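Chemist: These are the residues of each chain, in order.
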Amino acid sequence: MEKSKTNPNKDFYGKTLMGIEIFVRSLIEENVDVVFGCPGNAVLGIFDALLEISGIKIILARHEFGAVLSASGYARATGKPGVVVASSGPGASNLVTGIADANMDSVPLVIFTAQVPTKLIGNETFQEVDIVGITRPITKHNFLVTKIEELTSTIKSAFHIATTGRPGPVLVDLPRDILAEKFTFDYPEKVNLRGYNPIYSAHSGQIKRAAEIINNSLRPVIIAGGGVTISNAFGELRELARKINSPVATTLMGQGVYPEDDQLSLGMIGMHGTWYANNAVNESDCVIAIGSRLDERVTGDFNKFAPKAKKIHIDIDPSSISKNIKADVPIVGDVKDALKKLIPLVKNLNNEEWLSQIKKWKNEHPLKYKSTDKVSVPFVIEKLRDLTGANAVIVTDVGQFQMWTAQFFKFLYPRTHITSGGLGTMGFSLPASIGVAITVKDRPVISINGNRGFQINLQELATVTAYNLPIKILIFNDGHIDITRQWQELQWRKKFDEILIDSSCPDFIKIADAYGIQSFRVEMANEVEPTLKKALALKDKPVLIEFKTIYEENIFPYIPLGGSVSDIIEH
Amino acid sequence: MRHTISILVENKFGVLTRIAGLFSAKGYNIESISVGPTEDPSISRMTIVTNGDDDQIEQIIKHLNKLIDILKVVDLTNEPFVERELALIKVKVNPYTRGDVIEISDIFRAKVVDIGPTTLTVEVTGKSDKITAMINMLAPYGIVELARTGVVALKREFKGEVYTSKEIKLIKKKSRQKQVEDDEKG
Ligand SMILES: Cc1ncc(C[n+]2csc(CCOP(=O)(O)OP(=O)(O)O)c2C)c(N)n1
Ligand SMILES: [Mg+2]
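In order, the protein sequence lines correspond to chains E and H.
Under the working numbering, the first residue of the first sequence is numbered 1, with each subsequent residue one higher.
Under the working numbering, the first residue of the second sequence is numbered 1, with each subsequent residue one higher.
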């Protein structure tokens, strides 16, 4: 931070301060504006100091799992690091699933956990867990601070590592005695990490090879993933696609990086992707994967993926390239940099035949759902889309409705579909939407849930109420855990109804009442639009809507796990 | 294929666990691992011997490079390198076999470093296959205890005429190939 007049730390450089104050001033240096956390004995001092010294907002969640997912929602919506503070022992271990979730989806988080005093570490001290050991495989990096001298440099490194290269969660464990020590405050200008040098600049030789393949292709397809969002390369992606007239499929994590109402858009690719996206890749002679790990949900059977295509793979993480699918031209680097270098080298292609083939496919194999007088999820999603003009941030939980949302919302804008893509964490939506609603004020924030996933973190309704966050909470209640049924039915042709019925599902309207949140229940198709309108009109307060939806509806298209295009099941 | 990977790491706590964790999480086996300081006290060198096909090794190296505390990773397998391991072997002996064991040790240029009424401990250094050969020779007498250091290795700078037996095989193979190609052309 500049040592200027407006810098709140300007009078404190070189002064001897308590560790806890050094911690808070370090967050000020990193321009942190909000911290998500849960109170606990070991961190009360931190919250106290935050309130007293800084203008940093504190959002107290009801569960550490909620806190870390809220931070994740904040980070996904803004691209800025989400900051978490949690207590030692159970406070720290409660974070684990949220950290793993962020790690999979490359979400920058900096997580501070309290630890027992250094002398007592390893003694089975009250509320001690080895959180650095537990989170080692699910963080980008983690630290245990053992000396007050290292506090500021560790915090600086943590923010640097979390936000650069392929972003990810970084955890810093803070023993209590360190925060109670005194030391001179000075914030380092630079990090000292000689082993960490992410590659941003794409190799021009590789770019040339890629351009040559593209220029000689007849049926190119772009697969755009979450890396395009992280790199803010939306403009470049559009420019490339238009210049070479290539259709663009997005992964689940990539939704919003390319407008789905555009002619060249193929919608989502993968297990529940569109028929035409998956078939276009299958027929393509040149697949350009941009900022995607190409995981098995995207590709299906690795050996049958894009069998006719030369594959160009751009990613900042070298280990994501040629992991599942061997790349003909691997390009390591920042997506934006790579595209900027690639665009001038590619020719204007027209691909007339290829595009008319795709247009034909789109007409022959559109996304469909059964219409009914009752409520079906895709119908609600389409109405929601019409009413908001896609100008809303949609935060989905995990289940059937997540895939229907991905298919039918037709995303137009970056960072408007926030979802747990890699880990598929049930209970994600409500807490994540809290983190989004803290920072997104110009668009409605809509949390989309199933009956079962919603119950995992419903305690966070208290957080919604406490901060009066105007989230519109939708619950699709089919009385079942439906996505699991679909798998059983389609993969194993069996039914285990006693497992799949959500037997003691609570009355969500009463739950909303209990938390002081206005609510509606919708049971018929003709009530959908008026109710959504009412809810969206209540701009400055939370609303919960329960949709009683039809059960035994499957999501199509569907490529069974490990299958390929030839195995697509349609409606 | 057997790969010898040389890694320079920050000399910090937890680094070994990160590397070991990476191998175990991916289900790769570590045949041997050795760690020690380098000429720079803030840096340690780790030498890991592992097995895997080219794709697996490529993934391992990419993942190792991603670890923040790792400074440099080199797969020595594709270039000439010096490789050494040390073993201490405690062998069961009696007055009749002691001479044989000492003779075998001499052949392997091993040193006797401890002697007891019923055992003899020898120290041997060399490439891993030499050590394994010696262990096989001593096995019939009864090996009481065995400690191997695991491989340490450095890239070979010498560019002269001396080659390891493996390299000689490779050179011969290449010249045979060239011969065949020349024959076909001519
Ligand atoms: C933490 C966690 N546990 C289990 C699962 C497996 N799982 C995925 S979806 C699902 C059912 C979701 O049910 P519901 O929220 O009612 O949505 P529906 O599929 O019925 O629309 C389950 C159990 C998961 N993804 N995450
Ligand atoms: Mg359900």
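Please keep in mind that the hints were generated in silico from the structure rather than gathered at the bench.
Since the model is a prediction, treat every value here as computed from it, not as a measurement.
Here a beta-carbon is modelled for each residue, glycine too, at the ideal position from N, C-alpha and C.
Heads up, some of the hints might be wrong.
[Said to hold, decoys possible] To spell it out: a stretch of chain E is covered by chain H in this simulated footprint if at least three of its residues, at any positions, have a beta carbon under 8 Å from a beta carbon of chain H; those stretches are:
{"hint": "1", "region": "132 to 140"}
{"hint": "2", "region": "307 to 321"}
{"hint": "3", "region": "366 to 377"}
Chemist: Hints first: check each against the structure and report whether it holds.
Modeler: Checked hints:
no. : hint       : verdict
1   : 132 to 140 : holds (count 5)
2   : 307 to 321 : holds (count 3)
3   : 366 to 377 : violated (count 0)
When each numbered hint is compared with the structure, a violation occurs for hint 3 only.
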